[in-house]
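*Asks:* Sequence:
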Amino acid sequence: MFELMGFIGIALQVKRIPIILEPYQLQRIDNISEYFPNIGSRFQRKEICQSHVYISTPLEFCCRHDIRIVKRLEEKTFIHSVAIQLRYLQSYKYFWNLRREAILHIIGGSNQTIFMADTQLFPKNRLRRRQSNICVHIRRGDFTGSKMHRASDAEFSLAAMRFVVEKTISEDSRPPHIYVFTDSIEWTKENVVEPYIAANISWSAPLIAADFADKAPNTEWEFSRMYCDRVLLTASTSTYGWWIAYFSRGQKVYYSTRHGSPGAHPREFLSTDFFPQHWRPLSSHGSEVIEL
Numbered sequence: 034m035f036e037l038m039g040f041i042g043i044a045l046q047v048k049r050i051p052i053i054l055e056p057y058q059l060q061r062i063d064n065i066s067e068y069f070p071n072i073g074s075r076f077q078r079k080e081i082c083q084s085h086v087y088i089s090t091p092l093e094f095c096c097r098h099d100i101r102i103v104k105r106l107e108e109k110t111f112i113h114s115v116a117i118q119l120r121y122l123q124s125y126k127y128f129w130n131l132r133r134e135a136i137l138h139i140i141g142g143s144n145q146t147i148f149m150a151d152t153q154l155f156p157k158n159r160l161r162r163r164q165s166n167i168c169v170h171i172r173r174g175d176f177t178g179s180k181m182h183r184a185s186d187a188e189f190s191l192a193a194m195r196f197v198v199e200k201t202i203s204e205d206s207r208p209p210h211i212y213v214f215t216d217s218i219e220w221t222k223e224n225v226v227e228p229y230i231a232a233n234i235s236w237s238a239p240l241i242a243a244d245f246a247d248k249a250p251n252t253e254w255e256f257s258r259m260y261c262d263r264v265l266l267t268a269s270t271s272t273y274g275w276w277i278a279y280f281s282r283g284q285k286v287y288y289s290t291r292h293g294s295p296g297a298h299p300r301e302f303l304s305t306d307f308f309p310q311h312w313r314p315l316s317s318h319g320s321e322v323i324e325l
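In this note's numbering, the protein residues as written are 34 to 325.
Where hints are given, some of them may not hold.
Distance ranges between label pairs, derived from CB positions [said to hold, decoys possible]:
| id | residue 1 | residue 2 | range |
| --- | --- | --- | --- |
| 1 | S74 | S320 | 40 to 50 Å |
| 2 | A231 | L92 | 17 to 27 Å |
| 3 | F111 | H138 | 29 to 39 Å |
| 4 | Q60 | R313 | 24 to 34 Å |
| 5 | L92 | I50 | 16 to 26 Å |
| 6 | R163 | R291 | 32 to 42 Å |
| 7 | W129 | R291 | 33 to 43 Å |
| 8 | W129 | K109 | 43 to 53 Å |
Treat the hints as calculated values from the structure; they're not laboratory data. Just so it is clear, the structure is predicted and the values come from calculations on it, not from any experiment. By construction, the Cβ of each residue, glycine as well, lies at the ideal position given by its N, Cα and C atoms.
Starting from the given sequences, assemble the full structure and let the hints guide the process.
*Replies:* Written out as structure tokens, the structure reads:
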């Protein structure tokens, strides 16, 4: 999603119309339009774009804003049609010229996705509109073997959950409830939820989002838009988790500053390009967490 939103934002900055050329990219737009019904209308669809000039753009970084891309395009305003290759664009700064409301409209979910988010993710708790909802994203999966991304770990997840709950209690009169989104349900139950309950950190036990066969890939984003007052990212560089946070209704987001794995390439990532300024970094030492 970063690539598509970044492409839209870059085109707007240089006052050009975004056109998808590659057939496989056109098919990709068709495939995701089932879940994101508004996104297809943001692009013109042409399998052949006549008389375009290819412009070489930097492709070095996955997760930082490279101002050379826009500058290079601005230098070619005299050319009617240009073609560029883009990848990753995993920085909100590529589309920060768009209003948040416009972005949420472009990548807003289908009615079916919204229905799933409202009724099927957490069917046991239907009172969440009147609660203070803390949404926690835990990612293990491919991150456990990554040389760049740090997977969620139990120690930080538990300590940070305790920190956010205590902060919520001090700032909000509504009772806090925790909703957990994860790609590793059994690991999360065993290493986070059960120890959290055993420690009696709060009277409300964390609930893990249900997994079901026809679950849309953006179901949790729509839940966040409707219900999440605070979001905790325990694997901070997860782009899926990033969008959960961006969608959240409360816009109080906390993330771990320990986001790189040993051996990561530091030039690939710049935290100020990845995390919006109003999101709150958390530093941890053992079971202690502080907000920076």
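*Asks:* Which numbered hints are broken by the structure, listed smallest first?
*Replies:* As far as the earlier hints go, 2, 4, 7, 8 are violated by this structure, in ascending order.
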